[in-house]
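Participant: Residues per chain, in single letters:
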Amino acid sequence: MTEILILRSGFDFNGIYGFFDEFMPDSLDWLVFLITSLILAIVIINAVVLSTALLTWFERRLLGRFQSRLGPNRWGPFGLLQPIADLVSLLTKEDTIPEGADKPIFTLAPIVFLAPALIVFSVIPLHGGSFLGNLNVGLIFVIAITSINTLAVFMAGWSSLNKYAMFGAMRAVAMLISYEIPMGITVVAVALVAQTLGLSDVVLAQDIPYILVMPLAFLVFITAASAEMSRTPFDLIESDSELGAGYHTEYSGAKFALLQLTEFMAPIIVAALVTTLFLSGWRGYGPIPGPVWFVIKTFIVLFGFVWIRASWPRLRVDQIMGLAWKGLLPLSIINLFVVAIEVFIFNPGENGLSTTDLWIMTGVNWGVTIIAIFAIFNLLGQSKSERPVPVISPLANMYANTNTVKKITDLAEAE
Amino acid sequence: MYGLGLVKGLMVTAKNLVLPSRMMTVQYPNRKVGLLGLSKATGVPLPKLLLKDPITSVKSLLGMAEVKESLPQHPRFRGEEFSWYEQRCTGCASCAKYCPLGIIEIVTSESGDQMQEGQKYHLDKFDIDIGRCMFCGLCVEACPYDALHMGSGFEEGTYRRQDLVIDKRKLVSAKKTPSTWFRPQLASKKYDPHKGKNVKWDGAGRHEKPSLEQQQEKWAKR
Ligand code: SF4
Ligand code: SF4
Numbered sequence: 001m002t003e004i005l006i007l008r009s010g011f012d013f014n015g016i017y018g019f020f021d022e023f024m025p026d027s028l029d030w031l032v033f034l035i036t037s038l039i040l041a042i043v044i045i046n047a048v049v050l051s052t053a054l055l056t057w058f059e060r061r062l063l064g065r066f067q068s069r070l071g072p073n074r075w076g077p078f079g080l081l082q083p084i085a086d087l088v089s090l091l092t093k094e095d096t097i098p099e100g101a102d103k104p105i106f107t108l109a110p111i112v113f114l115a116p117a118l119i120v121f122s123v124i125p126l127h128g129g130s131f132l133g134n135l136n137v138g139l140i141f142v143i144a145i146t147s148i149n150t151l152a153v154f155m156a157g158w159s160s161l162n163k164y165a166m167f168g169a170m171r172a173v174a175m176l177i178s179y180e181i182p183m184g185i186t187v188v189a190v191a192l193v194a195q196t197l198g199l200s201d202v203v204l205a206q207d208i209p210y211i212l213v214m215p216l217a218f219l220v221f222i223t224a225a226s227a228e229m230s231r232t233p234f235d236l237i238e239s240d241s242e243l244g245a246g247y248h249t250e251y252s253g254a255k256f257a258l259l260q261l262t263e264f265m266a267p268i269i270v271a272a273l274v275t276t277l278f279l280s281g282w283r284g285y286g287p288i289p290g291p292v293w294f295v296i297k298t299f300i301v302l303f304g305f306v307w308i309r310a311s312w313p314r315l316r317v318d319q320i321m322g323l324a325w326k327g328l329l330p331l332s333i334i335n336l337f338v339v340a341i342e343v344f345i346f347n348p349g350e351n352g353l354s355t356t357d358l359w360i361m362t363g364v365n366w367g368v369t370i371i372a373i374f375a376i377f378n379l380l381g382q383s384k385s386e387r388p389v390p391v392i393s394p395l396a397n398m399y400a401n402t403n404t405v406k407k408i409t410d411l412a413e414a415e
Numbered sequence: 001m002y003g004l005g006l007v008k009g010l011m012v013t014a015k016n017l018v019l020p021s022r023m024m025t026v027q028y029p030n031r032k033v034g035l036l037g038l039s040k041a042t043g044v045p046l047p048k049l050l051l052k053d054p055i056t057s058v059k060s061l062l063g064m065a066e067v068k069e070s071l072p073q074h075p076r077f078r079g080e081e082f083s084w085y086e087q088r089c090t091g092c093a094s095c096a097k098y099c100p101l102g103i104i105e106i107v108t109s110e111s112g113d114q115m116q117e118g119q120k121y122h123l124d125k126f127d128i129d130i131g132r133c134m135f136c137g138l139c140v141e142a143c144p145y146d147a148l149h150m151g152s153g154f155e156e157g158t159y160r161r162q163d164l165v166i167d168k169r170k171l172v173s174a175k176k177t178p179s180t181w182f183r184p185q186l187a188s189k190k191y192d193p194h195k196g197k198n199v200k201w202d203g204a205g206r207h208e209k210p211s212l213e214q215q216q217e218k219w220a221k222r
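Residue numbers (the working numbering), protein chains in the order written: chain A, 1 to 415; chain B, 1 to 222.
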């Protein structure tokens with residue numbers, strides 16, 4: 001009975017709140033609020049953590065196949081229990097804090113890292129509405145919340161008193177802030193076409209998936225987003241061959257498990273966002289219900305991420321910054337201007353853009369996309385760019401004029 | 001064109017994903033099998049397998065069934081357990097003298113056997129410390145009576161170093177599947193130790209065992 005009631009009223013904040021409010025006196029409103037929040041929190045955390053565990057398995061199996069290996073297949077059916085084994089192994093390890101580390105910040109960083117990732121999930125619309133109901137500023141909320149991650153990465157790197165962690169954190173701040181800008185501009189374009197800021201309204205406005213309407217925005221968004229979650233080819237934050245492990249070099253035990261969890265959660269979030277913004281979310285055809293469509297689309301995007309991770313090498317630091325400022329930023333601005341002009345010409349009323357308008361925009365935008373990408377990358381291309389001439393470090397000749405060196409050279413000459 | 005290399009890279013990994021022939025992992029010591037693989041590995045036809053062992057069939061559908069997997073190996077592979085025939089060994093200790101590491105320890109006493117052909121000693125001790133052995137095979141080359149052969153196995157992991165010393169008792173009771181390395185008489189018979197057939201002491205020598213008449217003839221000449 002209970003479940004049916006909750007389902008009918010919608011499994012979101014308003015629904016659960018209304019359900020409990022019915023048989024509680026008005027003076028106990030705070031209790032109702034508390035219960036609702038707790039239920040939502042438990043559901044979201046469990047759903048997200050479980051799907052993350054599944055994703056780690058999925059990713060490792062798939063990466064294995066991409067690299068002609070097998071991936072974990074020993075523990076449980078098809079190796080499905082491998083995430084649990086990993087978790088037990090991580091949690092039973094000693095949780096060390098380096099001497100001289102800034103203990104409160106060191107401890108806080110994993111939590112600050114994890115919390116935004118969980119919060120973002122509360123607004124992603126799985127079917128009609130999200131867990132938090134229909135938030136009408138969902139786009140701004142997502143962009144704002146995800147930028148907190150940068151702070152957490154810097155906290156972790158700075159507090160652990162380790163130069164590699166610090167390098168990783170510095171790179172992270174530089175990179176994440178740069179990529180936030182093109183990402184934000186593409187989101188503005190999406191909001192412009194959808195004429196709304198609510199995530200579920202964006203889905204409702206997508207009579208044609210926006211991947212067709214704005215391919216340029218899609219490309220920029222997916223590139224910037226995979227940089228935001230620092231995966232290959234943008235994983236220089238934690239590039240294991242240069243920095244040990246980057247900002248989480250000093251972490252171990254449960255804290256490391258939290259950091260790792262968030263890192264694996266990021267692809268899910270980004271995939272869900274891409275699905276919502278560009279692949280028309282839960283909307284599909286036939287008897288298959290909406291949430292299933294959503295999961296299928298998310299999985300396709302995740303597959304793409306794993307494929308890219310398995311194939312492409314990591315970019316250098318200057319290449320990454322160059323791509324953000326010289327490549328993605330102009331592309332996203334071009335996209336925004338073209339879309340803005342089109343929306344201005346079509347001048348949508350209350351009901352937003354009609355399907356015919358969207359089809360016309362699709363035609364124009366594909367042309368613009370191909371020309372813009374070709375132009376930008378020919379400007380940026382290998383033949384045009386010059387390698388910077390290496391500057392000899394002043395430290396390299398530090399001892400050239402000191403007495404010791406002179407003595408030694410004198411000796412050699414005397415002989 | 002700029003960016004074409006990226007697509008090429010994606011295609012390479014996509015081929016890895018789609019073509020099963022590109023998989024190079026050998027699962028050892030156990031291989032996970034599906035239902036078809038199980039019936040192929042055990043040699044039982046599929047319907048019979050389903051009837052006879054439903055639990056294992058369901059397990060194999062879940063990817064939890066395993067079959068033993070042995071790695072393909074050459075018969076001349078120089079393995080760890082030496083094959084040694086007490087009946088052939090005279091206690092001459094050539095092997096101990098030739099070992100560059102000096103890890104074969106032989107203690108003999110007079111047995112009063114086969115005095116006419118030279119003494120055959122009684123072996124009180126025959127220890128090989130394979131923990132230090134480098135499997136050069138010089139001891140096998142040195143043995144004049146083909147009593148010592150290289151072994152064929154390699155799964156000799158133990159928890160203590162002392163356990164790696166194989167003594168006379170272990171040598172006598174070990175499986176006699178000698179490697180055909182430096183033993184052309186075994187190689188010419190197309191003997192493959194990995195098929196698991198034991199070689200008896202009289203089949204391991206360089207010459208055929210003389211028949212009774214031949215032996216008597218020989219004795220008469222003396
Ligand atoms: S194989 Fe070489 S090292 Fe090993 S016992 Fe024989 S002679 Fe010595
Ligand atoms: S060389 Fe051969 S016959 Fe001589 S002691 Fe060693 S194993 Fe025995």
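Think of the hints as simulated: they come from the structure by calculation, not from any bench. Cβ coordinates follow ideal geometry from the N, Cα and C atoms, glycine included. Please note that a few of the clues may not be correct.
Selected chain B positions facing chain A (in silico; Cβ < 10 Å) [as the list claims (entries may be wrong)]:
{"hint": "1", "residue": "L6"}
{"hint": "2", "residue": "L10"}
{"hint": "3", "residue": "L17"}
{"hint": "4", "residue": "Q27"}
{"hint": "5", "residue": "K32"}
{"hint": "6", "residue": "P47"}
{"hint": "7", "residue": "L51"}
Participant: The structure should be examined with respect to each hint, and the outcome stated for every one.
Facilitator: Consistency of the hints with the structure:
| no. | hint | verdict |
| --- | --- | --- |
| 1 | L6 | 6 Å, holds |
| 2 | L10 | 5 Å, holds |
| 3 | L17 | 5 Å, holds |
| 4 | Q27 | 7 Å, holds |
| 5 | K32 | 6 Å, holds |
| 6 | P47 | 24 Å, violated |
| 7 | L51 | 23 Å, violated |
The structure does not agree with the numbered hints 6, 7 stated previously, though it agrees with the rest.
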